[in-house]
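Following the working numbering, the numbering of the sequence shown begins with 3 at its first residue and continues without gaps.
If you are wondering where the hints come from, they were derived from the structure by calculation, not from laboratory data.
With a straight-line cut-off of 27 Å between C-alpha atoms, the simulated BS3-like cross-links for lysine-lysine are: (1) K48 - K78; (2) K78 - K56; (3) K70 - K56.
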Amino acid sequence: MASTANALVSQNRGAFPFHEARVEGFGTGPGRRRRKDLRFFDQYGKLVLCGEVKLPGTPEGRSPYDAKLCEDAEAKASNAGIRYFFTWNVNTFVLCVLPASLHESA
3 MASTANALVS
13 QNRGAFPFHE
23 ARVEGFGTGP
33 GRRRRKDLRF
43 FDQYGKLVLC
53 GEVKLPGTPE
63 GRSPYDAKLC
73 EDAEAKASNA
83 GIRYFFTWNV
93 NTFVLCVLPA
103 SLHESA
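Could you put the whole structure together from the sequences, leaning on the hints where they help?
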C-alpha cells in the first residue's frame, strides 16, 4: 500500500498534501500483521495522517466503521498529536478528523 501511494505521489508531488507513505509498527511475532499502520508524512517528515488498514475477509475488516477499529485509529492519531486519521477495509476508505479541542490537548 505504501509503495503504491509513494509511486502516485512521486508523479506529481504538488498535487498531494503529503510527501511519503510508510508502513510502520510491530513487524515481528504473531501480531505482525495486525499491528502495522499506514502513515503519511509531509515534506518535512512530520506525520500528518495515520490509519488502520484491514482486509475485508477478516473479522476486523468487515466494516471500516467497526467500533474497535475506529477507536484504535483515533487513539493512535491522538497519541501522535495529529488531527486526521482513517480506517480502510480496501473497499471503503473513511477519513476522520479529531475535534480541535482533542487535537490541541495532544
